[in-house]
Amino acid sequence: MRHLMSPLDFSVEELDQLLDLAADIEKHPSKYAHACDGRKIATLFYEPSTRTRLSFETAMLNLGGSVIGFASASSSSAAKGESVSDTIRMISCYADICAMRHPKEGAPMVAAMKSSIPVINAGDGGHQHPTQTLTDLHTIRSLKGRLGNLTIGLCGDLKFGRTVHSLINALVRYENVKFVFISPDELRIPSYIREDVLNNNHIEYKEVERLEDAMPELDLLYMTRVQKERFFNEEDYVRLKDFYILDKAKMALAREDMLVLHPLPRVNEISVEVDDDPRAAYFKQVQYGVYARMALILTLLDIHVEEGE
Amino acid sequence: MRHLMSPLDFSVEELDQLLDLAADIEKHPSKYAHACDGRKIATLFYEPSTRTRLSFETAMLNLGGSVIGFASASSSSAAKGESVSDTIRMISCYADICAMRHPKEGAPMVAAMKSSIPVINAGDGGHQHPTQTLTDLHTIRSLKGRLGNLTIGLCGDLKFGRTVHSLINALVRYENVKFVFISPDELRIPSYIREDVLNNNHIEYKEVERLEDAMPELDLLYMTRVQKERFFNEEDYVRLKDFYILDKAKMALAREDMLVLHPLPRVNEISVEVDDDPRAAYFKQVQYGVYARMALILTLLDIHVEEGE
Amino acid sequence: MRHLMSPLDFSVEELDQLLDLAADIEKHPSKYAHACDGRKIATLFYEPSTRTRLSFETAMLNLGGSVIGFASASSSSAAKGESVSDTIRMISCYADICAMRHPKEGAPMVAAMKSSIPVINAGDGGHQHPTQTLTDLHTIRSLKGRLGNLTIGLCGDLKFGRTVHSLINALVRYENVKFVFISPDELRIPSYIREDVLNNNHIEYKEVERLEDAMPELDLLYMTRVQKERFFNEEDYVRLKDFYILDKAKMALAREDMLVLHPLPRVNEISVEVDDDPRAAYFKQVQYGVYARMALILTLLDIHVEEGE
Numbered sequence: 053m054r055h056l057m058s059p060l061d062f063s064v065e066e067l068d069q070l071l072d073l074a075a076d077i078e079k080h081p082s083k084y085a086h087a088c089d090g091r092k093i094a095t096l097f098y099e100p101s102t103r104t105r106l107s108f109e110t111a112m113l114n115l116g117g118s119v120i121g122f123a124s125a126s127s128s129s130a131a132k133g134e135s136v137s138d139t140i141r142m143i144s145c146y147a148d149i150c151a152m153r154h155p156k157e158g159a160p161m162v163a164a165m166k167s168s169i170p171v172i173n174a175g176d177g178g179h180q181h182p183t184q185t186l187t188d189l190h191t192i193r194s195l196k197g198r199l200g201n202l203t204i205g206l207c208g209d210l211k212f213g214r215t216v217h218s219l220i221n222a223l224v225r226y227e228n229v230k231f232v233f234i235s236p237d238e239l240r241i242p243s244y245i246r247e248d249v250l251n252n253n254h255i256e257y258k259e260v261e262r263l264e265d266a267m268p269e270l271d272l273l274y275m276t277r278v279q280k281e282r283f284f285n286e287e288d289y290v291r292l293k294d295f296y297i298l299d300k301a302k303m304a305l306a307r308e309d310m311l312v313l314h315p316l317p318r319v320n321e322i323s324v325e326v327d328d329d330p331r332a333a334y335f336k337q338v339q340y341g342v343y344a345r346m347a348l349i350l351t352l353l354d355i356h357v358e359e360g361e
Numbered sequence: 053m054r055h056l057m058s059p060l061d062f063s064v065e066e067l068d069q070l071l072d073l074a075a076d077i078e079k080h081p082s083k084y085a086h087a088c089d090g091r092k093i094a095t096l097f098y099e100p101s102t103r104t105r106l107s108f109e110t111a112m113l114n115l116g117g118s119v120i121g122f123a124s125a126s127s128s129s130a131a132k133g134e135s136v137s138d139t140i141r142m143i144s145c146y147a148d149i150c151a152m153r154h155p156k157e158g159a160p161m162v163a164a165m166k167s168s169i170p171v172i173n174a175g176d177g178g179h180q181h182p183t184q185t186l187t188d189l190h191t192i193r194s195l196k197g198r199l200g201n202l203t204i205g206l207c208g209d210l211k212f213g214r215t216v217h218s219l220i221n222a223l224v225r226y227e228n229v230k231f232v233f234i235s236p237d238e239l240r241i242p243s244y245i246r247e248d249v250l251n252n253n254h255i256e257y258k259e260v261e262r263l264e265d266a267m268p269e270l271d272l273l274y275m276t277r278v279q280k281e282r283f284f285n286e287e288d289y290v291r292l293k294d295f296y297i298l299d300k301a302k303m304a305l306a307r308e309d310m311l312v313l314h315p316l317p318r319v320n321e322i323s324v325e326v327d328d329d330p331r332a333a334y335f336k337q338v339q340y341g342v343y344a345r346m347a348l349i350l351t352l353l354d355i356h357v358e359e360g361e
Numbered sequence: 053m054r055h056l057m058s059p060l061d062f063s064v065e066e067l068d069q070l071l072d073l074a075a076d077i078e079k080h081p082s083k084y085a086h087a088c089d090g091r092k093i094a095t096l097f098y099e100p101s102t103r104t105r106l107s108f109e110t111a112m113l114n115l116g117g118s119v120i121g122f123a124s125a126s127s128s129s130a131a132k133g134e135s136v137s138d139t140i141r142m143i144s145c146y147a148d149i150c151a152m153r154h155p156k157e158g159a160p161m162v163a164a165m166k167s168s169i170p171v172i173n174a175g176d177g178g179h180q181h182p183t184q185t186l187t188d189l190h191t192i193r194s195l196k197g198r199l200g201n202l203t204i205g206l207c208g209d210l211k212f213g214r215t216v217h218s219l220i221n222a223l224v225r226y227e228n229v230k231f232v233f234i235s236p237d238e239l240r241i242p243s244y245i246r247e248d249v250l251n252n253n254h255i256e257y258k259e260v261e262r263l264e265d266a267m268p269e270l271d272l273l274y275m276t277r278v279q280k281e282r283f284f285n286e287e288d289y290v291r292l293k294d295f296y297i298l299d300k301a302k303m304a305l306a307r308e309d310m311l312v313l314h315p316l317p318r319v320n321e322i323s324v325e326v327d328d329d330p331r332a333a334y335f336k337q338v339q340y341g342v343y344a345r346m347a348l349i350l351t352l353l354d355i356h357v358e359e360g361e
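Chains as they are written, first to last, in the working numbering: chain U, 53 to 361; chain Z, 53 to 361; chain A, 53 to 361.
Do not take every clue at face value.
[To be verified] Pair by pair, the computed Cβ-Cβ distance ranges are: (1) Ser82(U) x Ile355(A): 26 to 34 Å; (2) Glu99(Z) x Asn251(A): 28 to 36 Å; (3) Asn320(A) x Gln69(U): 54 to 62 Å; (4) Gln279(Z) x Lys293(U): 26 to 34 Å; (5) Ser126(Z) x Val357(U): 34 to 42 Å; (6) Met53(A) x Gly158(Z): 53 to 61 Å; (7) Val357(U) x Pro242(A): 28 to 36 Å; (8) Met53(A) x Gly116(U): 26 to 34 Å; (9) Asp329(A) x Lys280(U): 37 to 45 Å; (10) Ile355(A) x Asp248(Z): 15 to 23 Å; (11) Asp288(Z) x His86(A): 58 to 66 Å; (12) Ser137(A) x Leu195(Z): 33 to 41 Å; (13) Pro242(A) x Leu305(Z): 26 to 34 Å; (14) Asp61(A) x Asp89(U): 30 to 38 Å.
[Claimed, not checked] Partial selection, computed: residues in chain Z whose CB lies under 8 Å from chain A: (15) Lys83; (16) Ala85; (17) Thr102; (18) Arg103; (19) Glu109; (20) Val162; (21) Pro317; (22) Gln339.
For the record, the hints were derived by calculation from the structure and aren't laboratory data.
Remember, predicted model here, so these are calculated numbers, not experimental data.
Each residue gets a CB set at the ideal place from its N, CA and C atoms; glycine is no exception.
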C-alpha cells in the first residue's frame, strides 16, 4: 500500500504516468465516472481549507465514489484527546482512502504508519502540500506541453511559502529549468534551497527585487501572497509592496505565452484586471487540481480503467 | 445560463411551468430519481440555515445528484479573505449548480456575475430569499388549487420580514388577490410596499392590529415571528404580544378551508395545539419546498425528463 | 414504525436476528450494496461525535444510500430556538431515517413522538447510547461465538459510564454471565444496578479495586476511561490511577483468548503497547459497529435482502 506524503514520493516516471492519467481523465471524463463506485474517501481536515477539501470531494464524486469526514477540528474527536494514530485506525474501518489536513507537521505521516488505507497529506502546517504541487505540475504540463525547458518566475514570500519550495523541488528534476526569484530581501528563498537544491543540481537561477525586472524573460510566473507581518518594518512594506502586485501594466511587459499561476486564495497580489487576460491560468489551475486528484486517487487505490473510448 | 436572484426573475408563465414541474415530481418521483446523475450542487452557506441547506441537498439527492459545500463561514476560505467572486470561480470547477446563503445583501448577485454555473440566492441578509417564495407559492397552489382569487392574511413583523415582502411581490401578479395585514403599529408593512406595489397595482388591502379581527375572512394566513426587540417599549410588547400568537381559540374563528403557513422555524407564535389542525400546513410546506427546489434545479440546469409514467 | 431509544428495545430474539443480519452483511457485503439505493439518513448531531456520526454515515453509504445532516449544534437551526419536535418534522420531509445525538437526556424520545421516520438515539447525554451496545454485543458474539457463558470484567468509571450500564443491562438477558467490576471506590457501579439488575436477576458478580486481581479469570475485559475530575481528591487519583491502565504486564496475567474491548476514544487507559496484542479487539470493534448499524438501518426501514449468494 502506498501513501502520498511529499511531492517527491513519486519518481519522474511515476509522475509522468499520473499526469498522463489526469490528462486522459480530462479528455474522457465519462470513462472514469464509475471507477470508484462503492468507494469512500475520508476528508479529515483538522484545520479548514475549503478549496482543498472540496477538490478532493469533487474528485471522488466525479469517480462515482462518496465522501465522509469533517471540515474542522472542533467537530472531530480530536477535541476528546484522541491521537491521530487512533483516529486513522477508526477511519480505516470506514473509508477506502483518506486525505488529511493537519496544523502539525508530520501528522499525516504518523497516521500513515498505522493506517490500513492510503493516506494523502493534504497539507501539514508549513511543511508539505503535495497535491498542490501535483496540481501545479499538471497545470504547467497541460498548458505549456512540457515540464522542462522553462524559465519560471516565483514571486512573493519565497522564504515561508511551502508551495514554492515544493514546486522548486519538483521542477529541478526536469531538464533545462531556470528560476527567477522575485521577493523582498526579507523573504528571499532560504539558503538551504539555494545550496542543496539549486547549486548542487547546477540549476541556473537569479534573484531580483522587482517583478518588472523579471517579466520579459519568463515562460511562467508563479505568484504568491506577501503578508504585511512578514516584513521587518512598516517602511519597507510601504516601499516594496507594489513591486509584488501583478497588474495590467506589468503584464504588458511579459511574453504573449507567459502563464500566470497562483495557489489561491489570492487577496490583492494579483489585480482583478488581470483575470480576463488569456495568460491568467489561476482559475484553470483549480480545474486541473481536480483532474490531478482524480488521477492520484485511482493510482493509490490501484484502480485501472480500460484504455480507449 | 440563468441564475435565481429574486422571486420575480421568473415571469408568471415561467413560474407556472416550474410549479407544474414541481407537481409532476410530487406525483412521479421515480421518474426524476436519476435526472441529475453525475451532477453536483454546491451549498455555500456563509451563515448557517439547516432547513434551507438540507432542503437543497435533499432536492439534489432526490434527483440522483450529489453535494459538496460548507455549512458556515468559519469552515470556508472566506476566513482567509477570499472574495465571493473568486470563490464562485473555484466552485464553478467543482459543481454544476450552486446555492449561496450570505449575510451580505447582493453577495449572490456578485457571485453570479463571475460564475460559469447557475447560482441560486438562498438568502442574502434581509434582502431576498426567492426559494422560500417558490416554496410558499407551490404550497398555496397545491393546497388551494390556485394563486389568484385569494384573501391572504399576513401576520407578525411585516416591516422587516423579507419573506413577507417577497410573497406580496409575487402574489400581486395574480388576479383578484386581497391582503389583510395584521401587525402592531411599529411593525406595519413599509410605505414603499403600500404605495409602489399595492396602490399602483390597485390591490385591495387593509391593516388590522388583532389577529381575531382578520380570521373570519381569510383563505390563507401567513404567520411570522414578532421579535420582542422590534418593539419600541416593553409596555407595548406586553400589551400586544398575545394578539399575534395563533392558538385553537383563534383558529375557531377561521374558515373550514383556511390554510396556515409559516416559513419556520417557529418559536411560540403558533401554539403547538394548532399543529394537529388539518388547516395547519406549515410542515407540509417543508415538503413542498423540496419539490419546488427539485423543479428549480432541473429548470436552471435545463434538464428535461420525458413526460408520461 | 419503530425507533431505537434504548438497548432493551429489542427482545433477545429480535436482537439475535439483527446480529445474524450483521454477520451476513460482513460475509456478503456486495449483496447489500444497493439495499438502500435512493434512501437517505439524516445525522443530527447536536454535539460532535466523529466516531458515531461517521459510523452511521458509512453504514448508509455501504448500503447504497446517502447522507444529510449536521455535525454540531452551532450549524443547526437549534440556535434559532427551534424545538427538537419541529426539527424532526422538517427532517421527516427530507430523510428516510434519522440518527440523533443530543446533550439532553430524552431528546431523541421527544423527537420520535413527532417523527414520521424511524429515529435512532445516537447518544442522549449520560443516558443511553444503544448503538454502542449493539456494537459491543456484535463484537463479542462475532469474536467469542456467544453472548452467554462469559465472565466479563468492566474496568474504569463504572459510576457514570452509560456504556457500561447499557452493556450490563443487555448481557444479563443471557445465561450464565458473570461480572467482575474493577474500579476505585468513588466510581463503583451504582447501587440501583447492583440491586435491581444484578441481585434481582441472581447474577453473580464481584467488585475489586485492582485490574491485576481480576485479569486471570476474565473472558472479556471492557475498558473505559477514568477521568481525573471524578476523584474526590488528588491523593486518591495519584495512588490509584495506574491500577486502571492496561499494559503488557497486566495482559500477561490474562487468558490466551481474553478479549479487550473499549468504546473509544481512549486516552491513556490502554497503553499503545497493547495494540498489537491479538487479544486487543477495540479497533475491530469499530468495524463491527458499522455492520451492526447497517443491520439496524435495514431492520428499522424493514428492508429485506434475499438470502443466498
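Status of each hint after checking the structure:
1. Ser82(U) x Ile355(A): 26 to 34 Å: Holds, since Ser82(U) and Ile355(A) (Cβ atoms, about 31 Å apart) stay within the stated range.
2. Glu99(Z) x Asn251(A): 28 to 36 Å: Because 55 Å falls outside the window, the suggested range is violated.
3. Asn320(A) x Gln69(U): 54 to 62 Å: Violated, at about 44 Å.
4. Gln279(Z) x Lys293(U): 26 to 34 Å: Hint violated: Cβ distance 46 Å, outside 26 to 34 Å.
5. Ser126(Z) x Val357(U): 34 to 42 Å: 38 Å, holds
6. Met53(A) x Gly158(Z): 53 to 61 Å: Given range 53 to 61 Å: violated, Cβ gap about 45 Å.
7. Val357(U) x Pro242(A): 28 to 36 Å: 58 Å, violated
8. Met53(A) x Gly116(U): 26 to 34 Å: 33 Å, holds
9. Asp329(A) x Lys280(U): 37 to 45 Å: Hint violated: Cβ distance 54 Å, outside 37 to 45 Å.
10. Ile355(A) x Asp248(Z): 15 to 23 Å: 55 Å, violated
11. Asp288(Z) x His86(A): 58 to 66 Å: 60 Å, holds
12. Ser137(A) x Leu195(Z): 33 to 41 Å: 23 Å, violated
13. Pro242(A) x Leu305(Z): 26 to 34 Å: Given a distance of about 54 Å, which is not inside 26 to 34 Å, the answer is violated.
14. Asp61(A) x Asp89(U): 30 to 38 Å: 35 Å, holds
15. Lys83: 13 Å, violated
16. Ala85: 6 Å, holds
17. Thr102: 4 Å, holds
18. Arg103: 6 Å, holds
19. Glu109: 5 Å, holds
20. Val162: With a closest approach of 24 Å, the Val162(Z) hint is violated.
21. Pro317: Status holds, d = 4 Å.
22. Gln339: This hint holds: Gln339(Z) lies near chain A, its Cβ roughly 4 Å from the closest one there, short of 8 Å.
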